[in-house]
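Protein chains: 6
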Amino acid sequence: MVPNRIKQIWSKGGQAINGWLSIACPFTAEIMAEQGYDAITIDMQHGLVGYEVGTTMLQAMRASGVTPMVRVPWLDPGAVMKALDAGAYGIVCPMINNAEEAARLVSYVRYPPTGNRSFGPTRVNFAAGADYGQHADDEILCFAMIETAEAVENIDEILATPGLDGVYIGPADLTLGLTGRKYRTGFDREEPEMIEAIKHILQCTHKAGLRACLHNGSAEYAARALEWGFDLVTVSNDVRLLAGAAKASVDKVREL
Amino acid sequence: MVPNRIKQIWSKGGQAINGWLSIACPFTAEIMAEQGYDAITIDMQHGLVGYEVGTTMLQAMRASGVTPMVRVPWLDPGAVMKALDAGAYGIVCPMINNAEEAARLVSYVRYPPTGNRSFGPTRVNFAAGADYGQHADDEILCFAMIETAEAVENIDEILATPGLDGVYIGPADLTLGLTGRKYRTGFDREEPEMIEAIKHILQCTHKAGLRACLHNGSAEYAARALEWGFDLVTVSNDVRLLAGAAKASVDKVREL
Amino acid sequence: MVPNRIKQIWSKGGQAINGWLSIACPFTAEIMAEQGYDAITIDMQHGLVGYEVGTTMLQAMRASGVTPMVRVPWLDPGAVMKALDAGAYGIVCPMINNAEEAARLVSYVRYPPTGNRSFGPTRVNFAAGADYGQHADDEILCFAMIETAEAVENIDEILATPGLDGVYIGPADLTLGLTGRKYRTGFDREEPEMIEAIKHILQCTHKAGLRACLHNGSAEYAARALEWGFDLVTVSNDVRLLAGAAKASVDKVREL
Amino acid sequence: MVPNRIKQIWSKGGQAINGWLSIACPFTAEIMAEQGYDAITIDMQHGLVGYEVGTTMLQAMRASGVTPMVRVPWLDPGAVMKALDAGAYGIVCPMINNAEEAARLVSYVRYPPTGNRSFGPTRVNFAAGADYGQHADDEILCFAMIETAEAVENIDEILATPGLDGVYIGPADLTLGLTGRKYRTGFDREEPEMIEAIKHILQCTHKAGLRACLHNGSAEYAARALEWGFDLVTVSNDVRLLAGAAKASVDKVREL
Amino acid sequence: MVPNRIKQIWSKGGQAINGWLSIACPFTAEIMAEQGYDAITIDMQHGLVGYEVGTTMLQAMRASGVTPMVRVPWLDPGAVMKALDAGAYGIVCPMINNAEEAARLVSYVRYPPTGNRSFGPTRVNFAAGADYGQHADDEILCFAMIETAEAVENIDEILATPGLDGVYIGPADLTLGLTGRKYRTGFDREEPEMIEAIKHILQCTHKAGLRACLHNGSAEYAARALEWGFDLVTVSNDVRLLAGAAKASVDKVREL
Amino acid sequence: MVPNRIKQIWSKGGQAINGWLSIACPFTAEIMAEQGYDAITIDMQHGLVGYEVGTTMLQAMRASGVTPMVRVPWLDPGAVMKALDAGAYGIVCPMINNAEEAARLVSYVRYPPTGNRSFGPTRVNFAAGADYGQHADDEILCFAMIETAEAVENIDEILATPGLDGVYIGPADLTLGLTGRKYRTGFDREEPEMIEAIKHILQCTHKAGLRACLHNGSAEYAARALEWGFDLVTVSNDVRLLAGAAKASVDKVREL
Ligand SMILES: [Mg+2]
Ligand SMILES: [Mg+2]
Ligand SMILES: [Mg+2]
Ligand SMILES: [Mg+2]
Ligand SMILES: [Mg+2]
Ligand SMILES: [Mg+2]
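These protein sequences, in sequence, are chains A, B, C, D, E and F.
Going by my numbering, the residue at position 90 of the first sequence is 149; the numbering climbs one at a time, nothing skipped.
Going by my numbering, the residue at position 214 of the second sequence is 273; the numbering climbs one at a time, nothing skipped.
Going by my numbering, the residue at position 153 of the third sequence is 212; the numbering climbs one at a time, nothing skipped.
Going by my numbering, the residue at position 184 of the fourth sequence is 243; the numbering climbs one at a time, nothing skipped.
Going by my numbering, the residue at position 171 of the fifth sequence is 230; the numbering climbs one at a time, nothing skipped.
Going by my numbering, the residue at position 47 of the sixth sequence is 106; the numbering climbs one at a time, nothing skipped.
Read the hints as simulated data drawn from the structure, not as lab findings.
Any given hint could turn out to be false.
Each pair may be met inside one copy or between any two copies, as identical chains are not told apart.
Said to hold, decoys possible - No farther apart than 27 angstroms at their CA atoms in a straight line, the calculated lysine-lysine pairs in the DSSO-like style are these:
1) K266 <-> K306
2) K258 <-> K311
3) K66 <-> K306
4) K258 <-> K71
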């Protein structure tokens, strides 16, 4: 089975850099996969990606060697298992708030006897190798998103879920969840209470022996997150990168 | 009929800034259309765009008010007319090398008696307005690409073609066409002989009372082209903007 | 943020006319959006529309100014939130039968602290404006479909759900739900017991200070519904309009 | 081989009624195919249909028994042959202006030794039957569109082309071609000179022993065309039928 | 209403042969539908098929007369009802483990008063006939997949569910569920304990007066299953058939 | 630049085995690419593949290392160049009948000064490497199909075309072209006159120092062609492999 590059990096003590795809297009996926990321996540929650185009994006990234993951729309067995059968090497699941939800998530990602994933690796058998069924549970990563007050309260029981690899922090939702409309929405929080919350989750996760991931809007914040010890950092996404670069380019012509 | 923003800008003595879409995706088109370009061209020649996705891109840009154009794959009546019926407000046609080809191009873009465009504005009737048939020949722009030695030789006869609005210079092909493999491929030429050739075409065009457009890889070069007097400058494209911004962002995280 | 035309009409004491899209096609959406409806709902329940084409339909309708809504397939957080992030200004949710289901629906539609909608307005940020996050909870409409005996019994508790804007009556299901197979299936009920049921729901809704919407098969019935006081009426759908007009046209040629 | 219903009707002395698809969607094709037309033409010239969706439309109409035809974008061998291999039972080709163009058209539609169609009936072999190769040249219809002054002048030489089944009149283009901008654009001409031109083409065609077809915007005009003796009449199209029915329906609600 | 061929075969004492589609493509569906199967199931669980392409596959198979079924991704009302409205004549639902889940499945498949299926047969009304609503509950087949230890334990209560037509055995998951990782994954079990389990389910099903179906990887095993008395056998799938035939063909050339 | 595996095989004195894709689907392409072929050709002439799906097929095959080629619909510069920019490493062009057509074909495939290919390797730059522009003319294969009497007559002048790599024989068309309807249509000719014609083309090609390719329906015939000395043999295609395997499998169950 083609190995999971994130796990390889971690096994050598490294930290992984993750790209993020919100545009539903195999070519943008192929372009992004050549830019130096270790892993790339297709966002089927807030991204414009549905299952059918998402599958072509997994195909388009296969040659690059980048490890593909999928953020599923919700804690839904059909969505999780279809993403895995299509080739995802990791699942990022939004809004996991307690141990019961974390256990359900793991049960969708792992084959029996660990979980209840149904067997039928239709495409991934070709993309990952014919021995996929034997190794999938060792290679596939399973991340619970921590992004509500309830999740923060239950962080230790969530982290105690067997089969879970770690947590993924969504700072925009976490800020809404912990502080309501007190602050602006978005990533790259600078409020001390939010930084504290983020570091608290990181510490609990490491104490539990699991991996912590942070979603970031900028390279600068991602670099800080790496310094804090995050195991994987996501840096921006295709929509922001494209819009930002295009706007900067038009503005520059108008200024010059 | 919704007016052509490029023609409005020109009528006030202005110069237009054009974006470029090589990714086949309505969402990238919608994103790009919000970044401040005056016009945006869908590249159906070298871009990955075919007719069916190209049409959804025209739909996705409609609300923005940006004037949409299409670069067709080749001097082909079916391709030109389908692009127009789908909503293109301008046609950029590659590799126009002489007066006969320029005349054929115009004949595909203009309705009788000027040309031979077939009548059936199926989608553009909704997007541009029910009076499209009456005003199309006044609003639609028709550009011949000048990108071979033959075209440069025949530049004056090409510019004399009734119904042609102007020329569009493709510097990568023009360099190949004029100098073979002497220089690197690509845009933003710095070789004196290429700058001279580009300025020569610009001058001939203005002398003929037509409009000159230049394809550019960077905002800096586009700004120079505006100084030289180009009427429309294209600045980079979606592929380069996305790839460049993503690579810069990953590199930055790794460096920090 | 681009305002919700339905709310504008209501704030002036008016009633809204809604179109209905069951065909999965951006061009039919664009055509329908130019015919004079105030709002148009994409039917992702019984319509042939899935998420990916549904998104292109939202793009194709954007320029028209018609307010787009989505009927989701079921009370599913992933489906509701993806529709909103893609640009829906209203959610119509089938088969809401009690207060608990209505509360879940609202929680999917509203951001914290009102609900639990996850933050990530990927496309709607472009289509509605960059201030979408601040105003979405005020502009987005949330409708519970009342179409079972259980729902009618629980109508008052459903209507008491904070954050709910109103109810949407599906007469075909309501008739099945209240009377089994006693009557023909379909809209535009003429049975006194069904008219009574419909008017009862309308009155309860208005008593609760909320808005009532009715699905209609014909302009005539929609006009009656407006007289009864419905706040929004849906008139036919694209499938019936196309099939009906085509059949009438063929029949006429054969008769003439 | 599944027989061509148009030829069956003609062999019994009947006249055929043809529907017209300008919307790129298999479901609209399937709906239209159930409304009573004898044949339905997918418009790949002015319609929004490209090759890939066009093929799904042919699939969606197969069960109905309606004879499918394709109007190709232009006199292009690739486009003609791909349409046939995908299942078209008739080709309508725009802008055939002289005998040479008519001969090229026939050569693309007929297998050797009559023409030069390349052999590879990939899909049509399943849809029409395994004996397609033997009978195709007898069942496939080949129509030249007559829609310019040049074509009218050359009508007799066009009609003398071996392998051509008949002509198809496009009244919008024919009016532009014969009279320039003298009259409004569109179908259903009432100007005596246009009616005369149309009848002239009809008579020449019948004199040559071939079939004449007319494009019509309304059932009324199609009925007149049948009285004049046209062998096939097209009645409106999906775009007009949908837009017209929707507008009428909204207007009615507002009036009532 | 177009009758269900499986039910017709069963009513005459026959056994049905089912094909299986895991490739998301209307043309592979059309090809498969011409190869002699009685029924064909589109696999939306482990297959690469999503809703939008799945619908075009149903359209492409309509002309063949093969009875189309859908395996849904999971026990989800939206997925079940959308498959039925799109034209499925049978639902195969994975991982039904107890009576409560079986009852929910039936409630999604049957109209009131038997179940809670929402009324809106948008496409199937065209494909099956305008009387679909009256006969659907008699023609549509509803199968619960038995593939876990829990399901085997609860087999009798599952079989007692009113409205259920039978069970469908997934041998790969059943083996994982009953024996963990003791044996290789896959179909066509030869282990005595698995054969016993399969026959046990078959006997319970027939005792309950319902129908039993088995998924098979090879024609040989399917033939054995028919001898055992299975009412419907699935034979391989499109992916395996294509991959196997291609590999055999390449290997043969290399050997010869 | 990723090297062309066919050229590597030839440079070592080997013969290449080519697969053939007529189904428009990235997953069938990905499956086929794992079955042991050296090269795989996407058939955009008789296959159901258009440009947009064709591009996703190229993406889906990239990881396999199989060399992708495209058979274009016709000798059309737009089609040839779009296929190359999308990633094709070889062009197979139908119906090349004389030196002039062969020269036009080469001019579309090669960059100046050899030909007139326009520069813009939008996707292939990612798939083949950033040095694509420098090496493309050395790696890309250009094949003229020989399939008419005229082509056979002109074989030597065709083979004398600078920049042409070889010829590709289409036996179905060649048989029609040389013998009309005398024999059955299809591949794997057994008639002495056809075998002689095929061997004649092979010998002329080798005498000219170019490469000869043959399209075959079966592994047996492909093996014979290798013995005759063909440099590349195509073995069957996805449609026949799938249909054949499915039919054999159903028939076997019915027989057993
Ligand atoms: Mg979140
Ligand atoms: Mg160029
Ligand atoms: Mg309902
Ligand atoms: Mg015309
Ligand atoms: Mg299973
Ligand atoms: Mg051929």
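Structure-based check of each hint:
1. Taking the shortest alpha-carbon separations for K266 and K306, neither the intra-copy value of 43 angstroms nor the inter-copy value of 34 angstroms comes in at or below 27 angstroms.
2. In this assembly of identical chains, the alpha carbons of K258 and K311 lie at most 27 angstroms apart only when taken from different copies (23 angstroms versus 38 angstroms within one copy).
3. Taking identical chains as interchangeable, the C-alpha atoms of K66 and K306 lie at most 27 angstroms apart only when they sit on different chains, with a minimum of 23 angstroms there against 37 angstroms within one chain.
4. In the homo-oligomer, the alpha carbons of K258 and K71 lie at most 27 angstroms apart inside one protomer (23 angstroms), although the nearest pairing across protomers, at 50 angstroms, exceeds that limit.
In summary, the structure is inconsistent with hint 1 from the numbered list given earlier, while agreeing with all the others.
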